[in-house]
Amino acid sequence: MAEVIMPKMGDAMEEGTLLKWLKAVGDEVAEGDALAEIETDKVTLELEAQEDGFLTNTLVEEGAVVPIGESVAIIGTQDEVGQSAPAPAVAPEERQEAPAEAEQVPASSADEASEAAAAQPAEKSGESAQQVVDRKPGERVRASPLVKRLAQEHGIDLSQVAGTGPGGRIINGDIQPYVSGEKSAPQAAAQETPVEAATPSPSPAPSAAEGKGVKVDMPKIKRTTGKRMSESKLGIPHYYVTSDVDMEAALAFRKEANASLGEDGGRVSVNDLVVKAAALALRDNPNVNRTFVGGELYQQESIDVNIAIAIDGGLIAPFVPGADQKSLGEISRLTKDLGKRARVGGLTLEEYQGGTFTISNLGMFDVDEFIAVINPPQVAILAIGSVQETPVVKNGEVVAGPRMKITLSADHRALDGAEVATFLQSVKKYLENPMMLALS
Amino acid sequence: MPVMTYRDALRSAMAEEMERDESVVLLGEDIGIYGGTHLVTNGLIDQFGPKRVIDTPIAEGGFTGAAIGMAMAGLRPVVEMMTWNFSFLAADQIIQNAAKLRYFSGGQVNVPLVIRGPNGGGVQLSAQHTHSLENFYGHFPGLKVVSPATPADVKGMMIRAIRDPDPVIFLEAGALYGTKGEVLDGDAEVEFGKARVAREGTDVTLVSYGRQVPMLLRAADQMADDGLNAEVIDIRSIRPFDSDTIVESVRKTHRAVVVQEQWRLFSVGSEVAAIIQERAFDDLDAPVERVSGAEVPAPYARNLEIAAFPSVDQVVSAARRVLYLEA
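Chains A and B, in that order, are what the protein sequence lines are.
Position 224 of the first sequence, counted from 1, bears residue number 224 in our numbering, the numbering being contiguous throughout.
Position 28 of the second sequence, counted from 1, bears residue number 28 in our numbering, the numbering being contiguous throughout.
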């Protein structure tokens with residue numbers, strides 16, 4: 001008999017929604033068979049059987065939000081089909097307590113970890129792993145000053161962390177597994193969604209905000225993006241620098257390139273030129289290719305350029321890994337493939353979790369210019385406007401010329417104005433001398 | 001590096017400074033012909049003569065006042081208190097004159113005076129002869145107060161004290177006079193206002209000075225058997241006080257235990273705890289613990305005296321409490 005658990009499909013994943021069972025109890029399954037569809041915060045994936053046998057029990061109903069590592073089904077022998085399940089089935093509305101409990105990883109792994117972390121003597125008590133949060137709603141959370149500081153720095157919701165110190169005080173040993181990433185952190189803001197959704201009230205008390213319009217169903221991806229963008233805009237000191245790029249040479253270059261590539265060669269878009277130009281500029285200005293985490297700056301070696309893509313219900317930003325090393329043709333093919341699969345929910349987590357710099361392009365929507373919100377932990381995002389025919393002075397005469405406005409939003413903790421201006425000059429240089437894009 | 005006792009290191013510092021600077025003179029009860037009650041000045045009268053090693057009457061207020069006058073007039077007197085307990089008789093001279101003359105004179109008059117002698121307990125001298133006065137003298141602006149724990153420090157700090165332009169209260173660890181350690185040859189001044197990390201560690205900071213330092217090192221050794229890595233800080237300079245070294249250590253270990261022979265209330269330990277919460281609040285994982293002397297006049301009986309002062313067991317226990325390893 002083997003349990004099928006909600007898998008961890010990426011570093012940021014804390015829970016998944018079981019959308020639909022693809023097999024029924026009693027079905028024979030082979031290793032690799034799709035058992036169910038699960039939805040993470042951004043994509044829909046298939047949950048595969050890890051061994052052959054019969055699906056003897058399903059432990060959660062469709063629509064249930066399940067923390068990673070928790071059992072969802074049992075695979076066993078034909079005889080075991082329909083026998084009582086080892087764990088009670090969990091209905092969607094009963095999930096509200098689960099996130100807190102789910103943070104308690106199995107004792108065995110926590111014990112190993114605390115033995116390994118001998119430098120953290122407080123963990124030797126070994127109690128933290130077994131403790132369950134035992135705090136009444138609204139009860140004051142007791143935590144040492146160090147723990148409070150760490151929680152703030154790492155965005156950990158202390159109300160979800162069990163305390164093993166005197167009077168239930170949360171001490172360093174209790175929070176270290178979350179700080180080190182050994183346990184997935186109960187994010188302060190992340191808790192809001194499940195709690196809200198999991199508190200059904202037959203007659204909700206009307207608040208000032210309610211009764212003004214019909215509540216719109218927010219897809220999970222929109223909530224996730226919204227949360228991340230709020231944190232970014234509220235937490236990061238954004239500032240913006242705009243530059244005007246002469247696109248005459250770039251458009252001519254693109255026309256020529258596409259003519260020589262022919263119909264099936266994968267046509268190079270303005271966006272592909274921008275991705276390549278930005279990647280080369282990042283290579284020249286590695287100070288922009290950094291991340292800012294926990295008050296510290298980290299240099300990123302690989303130049304992985306994310307491209308913001310509007311999809312049904314929200315926004316996703318897969319990235320082109322090592323974009324500075326790729327030819328325009330490779331970038332073009334890769335971005336088209338990413339875009340196509342993003343729109344049908346077919347991206348893997350590896351394709352959109354990560355990246356070191358983001359480009360947001362609204363050029364196709366006839367906009368002059370706009371400013372974008374930084375995609376943390378990155379320190380800058382480039383917003384691309386439309387190429388527009390603009391009056392320009394050429395040889396002493398006013399004539400029409402194609403121009404494109406690009407705006408960099410930068411994190412002032414990581415980058416100063418002069419650094420950003422230098423980076424934009426670099427992007428501009430590559431776009432205005434497109435032969436460099438082909439040769440670099 | 002030669003190995004010598006705390007007592008010999010102290011004597012060699014005074015002898016070297018007397019060789020170097022003939023304005024350095026010693027005063028005190030029985031320090032000359034008798035060689036000093038604790039033999040710290042033994043032999044110096046033969047080397048420097050009775051004009052520079054002066055036996056005084058049993059009158060602490062009188063000879064301390066005389067030494068202050070000598071210092072104002074350009075000499076560098078080193079006064080021995082047979083024990084610091086007797087300095088209460090000279091407290092008016094020390095606090096009202098020595099500590100304030102530079103201030104009163106607008107800097108025109110300095111008092112380059114050292115007052116030295118054994119401080120603290122542990123050698124069965126009973127209540128009237130067992131006081132730890134570092135917080136008492138450390139309280140007064142105008143005085144410098146030091147409490148060295150090793151032969152190297154007692155020599156280096158005595159050299160510094162004699163050369164210092166201001167009055168220095170030099171609190172020797174009487175119980176450590178016979179302990180040995182390596183001492184630098186010659187002119188090895190130890191600056192004031194700089195604590196010493198006696199042992200580096202990562203898990204908890206143990207802080208003290210004087211006689212408790214070797215005891216803390218023993219406690220740290222015992223904790224190491226349990227896999228606990230304690231850092232030991234020897235404050236050694238009470239005024240000026242080095243907050244930075246302590247704060248830096250607590251930022252690393254997140255926990256501190258302050259140990260002192262003196263009584264708990266209004267003590268050096270109180271000050272250390274206050275500084276830690278002021279400057280390292282967000283780094284603390286547990287309240288600072290103080291291990292102090294029992295709140296009684298010091299007992300004479302050996303078993304009671306031992307029970308009245310901090311022990312290795314008490315320190316280890318306090319360290320385990322701030323590590324949440326015991327309640």
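Worth double-checking, as some hints may not be accurate.
Facing chain B, a subset of chain A residues (Cβ under 8 Å, in silico) [unchecked claim]:
| id | residue |
| --- | --- |
| 1 | ARG140 |
| 2 | VAL147 |
| 3 | SER159 |
| 4 | ALA162 |
| 5 | GLY168 |
| 6 | ASN172 |
| 7 | GLY294 |
| 8 | GLY295 |
| 9 | LEU297 |
| 10 | VAL344 |
| 11 | THR348 |
Since the hints were derived computationally from the structure, they do not count as laboratory data.
These figures come from a predicted structure and were not determined experimentally.
Here a beta-carbon is modelled for each residue, glycine too, at the ideal position from N, C-alpha and C.
Status of each hint after checking the structure:
1. ARG140: 17 Å, violated
2. VAL147: 7 Å, holds
3. SER159: 19 Å, violated
4. ALA162: At about 13 Å, which exceeds the 8 Å cut-off, the nearest Cβ of chain B leaves the hint on ALA162/A violated.
5. GLY168: Given a least distance of 12 Å, the restraint on GLY168/A is violated.
6. ASN172: OK, holds: ASN172/A within 8 Å of chain B, min 4 Å.
7. GLY294: 14 Å, violated
8. GLY295: Violated: closest Cβ of chain B sits about 13 Å from GLY295/A, beyond 8 Å.
9. LEU297: The hint is violated - LEU297/A has no Cβ within 8 Å of chain B, the shortest such distance being about 21 Å.
10. VAL344: It is violated, given that the least Cβ distance between VAL344/A and chain B is near 48 Å, above 8 Å.
11. THR348: With a closest approach of 40 Å, the THR348/A hint is violated.
Of the hints listed earlier, those the structure fails to meet are numbers 1, 3, 4, 5, 7, 8, 9, 10, 11, in rising order.
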